[in-house]
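A.B. asks: Take the sequences, apply the hints, and build the full model.
Number of protein chains: 2
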Amino acid sequence: MIGENHRPRFRAVSQEDRAALQEIVGEDALSDRRGDLEQHARDAGHFAGQMAELVIWPANAEQVAQVLRYCNDGQIPVTAWGAGSGLEGNAIPVCGGVSLSMTRMNRILDVHADDFQVTCQPGIGHKDLNEQLAREGLFFPPDPGANASIGGMIANNAAGIRTVKYGATKDNVLRMQVALADGSLIEVGSRSIKQSCGYDLLHLIIGSEGTLGIVTEATLKLTPLPMAVSSALAHFPDVEMAVEAVVAIRGSGLEPAALEFMDAHHVEMINRSEGMAMEEKPTLFMEFHHSNETALQVGLEFLEEICAELGATGYRATADPAERRKLWHVRHHSYEIMVRSHPGMNFLILDVAVPISAYPALIHAARERIADRGAVGYFLGHAGDGNIHIELPFPEGDERAYHAALALNDDIVAEALALGGTATGEHGVGMGKAHWMEREHGKALGVMRSIKETLDPKGILNPGKIFPQDVPELIHA
Amino acid sequence: MIGENHRPRFRAVSQEDRAALQEIVGEDALSDRRGDLEQHARDAGHFAGQMAELVIWPANAEQVAQVLRYCNDGQIPVTAWGAGSGLEGNAIPVCGGVSLSMTRMNRILDVHADDFQVTCQPGIGHKDLNEQLAREGLFFPPDPGANASIGGMIANNAAGIRTVKYGATKDNVLRMQVALADGSLIEVGSRSIKQSCGYDLLHLIIGSEGTLGIVTEATLKLTPLPMAVSSALAHFPDVEMAVEAVVAIRGSGLEPAALEFMDAHHVEMINRSEGMAMEEKPTLFMEFHHSNETALQVGLEFLEEICAELGATGYRATADPAERRKLWHVRHHSYEIMVRSHPGMNFLILDVAVPISAYPALIHAARERIADRGAVGYFLGHAGDGNIHIELPFPEGDERAYHAALALNDDIVAEALALGGTATGEHGVGMGKAHWMEREHGKALGVMRSIKETLDPKGILNPGKIFPQDVPELIHA
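Going down the list, the sequences are from chains A and B. Position in the first sequence counted from 1, then plus 19, gives you our numbering. Position in the second sequence counted from 1, then plus 19, gives you our numbering.
It is worth saying that the hints were derived from the structure and are not from the lab. On a predicted model such as this, the values are computed, not experimentally measured, just so you know. You may find that some hints are simply not true.
Derived lysine to aspartate or glutamate pairs resembling DMTMM-like cross-links, with alpha carbons at most 25 Å apart [to be verified]:
(1) A:K462 / B:D92
(2) A:K471 / B:D129
(3) A:K462 / B:D129
(4) A:K462 / B:E206
(5) B:K462 / A:E81
(6) B:K240 / A:D190
C.D. replies: Given below as structure tokens:
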């Protein structure tokens with residue numbers, strides 16, 4: 020379903036605006052055809068679509084800046100679009116105006132191989148980027164799963180399974196060129212790894228979801244591809260013991276490159292769906308990156324000891340690439356497996372994170388909330404970071420069940436906050452978490468708002484996101 | 020020498036102010052005695068002292084907030100003071116007013132051992148903190164050398180020798196409580212490692228040198244103490260080959276915990292002063308942290324291969340603690356050795372950083388500039404991060420030589436910027452680098468300024484720093 024635009028203080032795009040914007044980007048780079056508008060109306064999450072009035076595909080930073088200047092003068096909202104793989108409505112143009120699709124700005128501009136850096140445009144997918152970087156023996160570690168665009172990953176500070184070792188997107192960006200609402204282009208950060216020269220505007224922009232500026236170019240920090248990779252899987256009698264193992268593995272110096280948790284219920288569903296026979300217990304999926312084969316062997320022996328000591332009832336490990344793929348298959352494809360085994364269902368994917376010590380309490384509380392409501396939820400998480408996703412299925416088109424899932428989502432967010440955590444570990448605020456901003460940030464929300472007003476006084480950049488009072492009533496897809 | 024205060028728009032502290040402030044913090048927590056004022060007038064760098072009118076030692080966050088509220092209402096400048104170990108005049112109260120010494124707020128509030136986190140007050144020294152954390156098998160990795168306070172390290176985004184593996188201060192802080200100019204206390208960040216919930220105010224405050232707010236509490240990310248440590252030293256025929264080795268070691272997956280460069284000239288000075296016989300060639304000092312002894316041995320063998328392949332003319336490595344201390348002694352004590360071997364001299368310590376590929380060009384250019392001016396400079400750098408310090412001696416009290424050193428400093432900063440680097444990698448802007456802000460940041464400086472005006476509209480927080488138009492004429496000590 021596609022809902023009505025929410026347009027508190029913006030004006031509609033006129034034929035005159037359309038002509039002026041076409042003057043900037045050229046005829047083949049803007050469209051108001053319904054098909055194009057629909058393609059930019061929904062992300063991968065559960066929110067109803069909202070159509071922009073115009074989709075624009077800029078070719079370069081100057082065009083982005085000129086479009087912003089025009090729209091700022093004309094009070095027309097502009098919402099940047101990457102790959103549409105967001106989950107919290109972050110890129111939905113809820114107030115209409117322009118959907119600024121960055122997909123044509125998808126080039127690698129420079130590979131600085133000796134510096135372990137790449138400079139690229141924001142529209143390139145991180146998987147496409149990594150495919151090209153592999154030739155240089157380098158990669159950009161953050162991996163949110165889908166082939167998200169680099170610009171979208173920066174906007175949401177995306178993270179994913181490798182964060183436990185390599186950090187989130189914010190830890191892997193060094194400099195950016197950014198177009199501001201008034202049409203100026205600024206440079207933030209530096210190609211120097213060490214930076215302490217003035218305010219950190221780089222990190223102010225990262226995670227701001229296109230509400231402070233639009234990234235037109237980024238220099239990313241790369242990592243050498245590991246010489247040797249091993250994977251392991253371990254089952255534990257209960258969640259507490261699994262998390263104890265997470266803490267021990269993180270404290271061991273083994274530096275896992277992935278440390279993922281799947282609950283017994285999720286394993287059970289996969290066994291059923293895939294005809295597998297994994298132990299139906301809390302399970303850890305792990306990956307390790309080593310500098311050589313000997314280090315790999317030493318690491319695996321050490322890991323096995325730790326898991327045995329901490330009561331693992333099952334353990335498998337391998338360095339063989341084919342075996343590794345098999346071992347991780349159900350983790351990598353857990354979402355598809357779930358969708359396949361739930362025909363006619365939609366999913367709300369919950370994202371919260373807590374300090375690791377609170378992980379068992381969070382999972383315990385979430386299970387209780389789910390049971391209280393007689394619902395079903397599959398737990399899958401980046402345990403090494405205290406981040407959990409719970410997939411909440413609801414029948415397509417069932418408004419009541421959808422609202423029950425939303426309410427359950429809120430119950431669990433409240434638990435995470437009470438445990439010293441955050442309402443969103445990696446999916447961003449968008450529309451879905453805006454109503455939690457005040458509770459999580461208190462007076463700091465006022466500071467965020469004052470910065471927004473300073474950098475975007477007319478509020479044209481991705482309105483209706485992050486700040487609760489701006490977010491329209493949510494309409495289900 | 021102690022110079023005149025620069026007070027463009029502030030009012031002097033009156034007896035009435037003194038009484039009101041004493042009401043907030045108590046009689047034993049403020050002083051206008053000359054001895055106290057002098058102790059807070061100079062940092063460890065080369066700038067002339069400037070006295071505050073009042074030193075205040077707050078006991079808690081509420082007192083900090085109340086002092087700020089009072090001073091904001093009264094248009095009295097407030098400059099926070101940590102350990103006085105800064106090098107760019109960052110904490111010198113150049114406009115008078117209050118020097119807010121955080122030294123009494125030096126407690127550890129909570130050790131979250133399972134989360135690898137500690138919550139502490141800003142006045143604690145990082146060495147004191149690490150001494151206490153060692154009991155838990157944890158440490159806070161950033162190490163700027165001196166026993167800087169945590170608050171000062173946050174203010175300057177201090178880094179040091181372990182940044183190549185563990186990041187700078189900004190990479191190791193999760194949440195903070197901050198007092199704003201208007202006397203409000205806000206919380207920024209979260210104890211959750213993963214965070215994507217709104218604007219990153221945490222990183223906006225880190226590195227802002229007390230000009231946007233004063234940190235009253237911080238939760239830091241800790242790292243398990245390494246199970247096994249090895250150290251190595253390698254000499255190379257020229258700078259280019261040494262840097263080639265730096266790139267290769269960083270690309271090897273060995274993940275050095277320190278990767279330090281010392282130029283031949285510096286080695287020569289140490290040999291002379293300490294009666295040693297190191298090869299007088301560009302030298303790398305390295306440290307590696309391992310999860311166990313076998314990994315250590317494997318790592319050292321691999322390292323020796325790399326160094327040999329890349330033309331090292333000398334190589335030593337050890338895992339023995341006493342041997343390690345000996346090997347690193349001259350690096351750790353290089354500053355004292357230099358001071359001791361240059362009686363009657365002061366030093367200007369230059370700090371710039373470039374992308375690693377530009378490191379040889381930077382060193383080459385710096386040597387040329389030094390030779391052009393007939394000067395002397397000792398090179399010592401965090402090569403793994405592209406960060407170099409050059410120690411420029413000048414005779415104490417010799418104004419002409421001091422200004423020549425300042426001019427040389429500027430020559431080399433210009434070279435670093437031309438090579439895509441930054442005017443300061445880890446010492447911050449303070450007074451010393453403010454005149455480079457516009458050149459380095461262009462239009463982004465205007466954005467920084469607008470944020471400053473939004474958060475501190477009366478400009479009471481550490482005035483005379485970062486923004487060039489505010490910095491008074493520099494006066495030599």
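A.B. asks: Hints first: check each against the structure and report whether it holds.
C.D. replies: Here is how each hint holds up against the structure:
Distance check on the hinted pair: A:K462 and B:D92 sit about 20 Å apart at the alpha-carbon level, within 25 Å; holds. For the hint pairing A:K471 with B:D129, the CA-to-CA distance comes to about 34 Å; that exceeds 25 Å, so the pair is violated. Under the criterion of a C-alpha separation no larger than 25 Å, the hint pairing A:K462 with B:D129 is consistent with the structure, at around 23 Å. With a C-alpha separation of about 8 Å, the suggested pair A:K462 and B:E206 falls inside the 25 Å cut-off, and the hint holds.
The suggested pairing of B:K462 with A:E81 holds, with an alpha-carbon distance near 15 Å, which does not exceed 25 Å. At most 25 Å may separate the alpha-carbon atoms for a hinted pair to count; B:K240 and A:D190 meet this at roughly 14 Å.
Violated hint: 2 only; the structure is consistent with all others.
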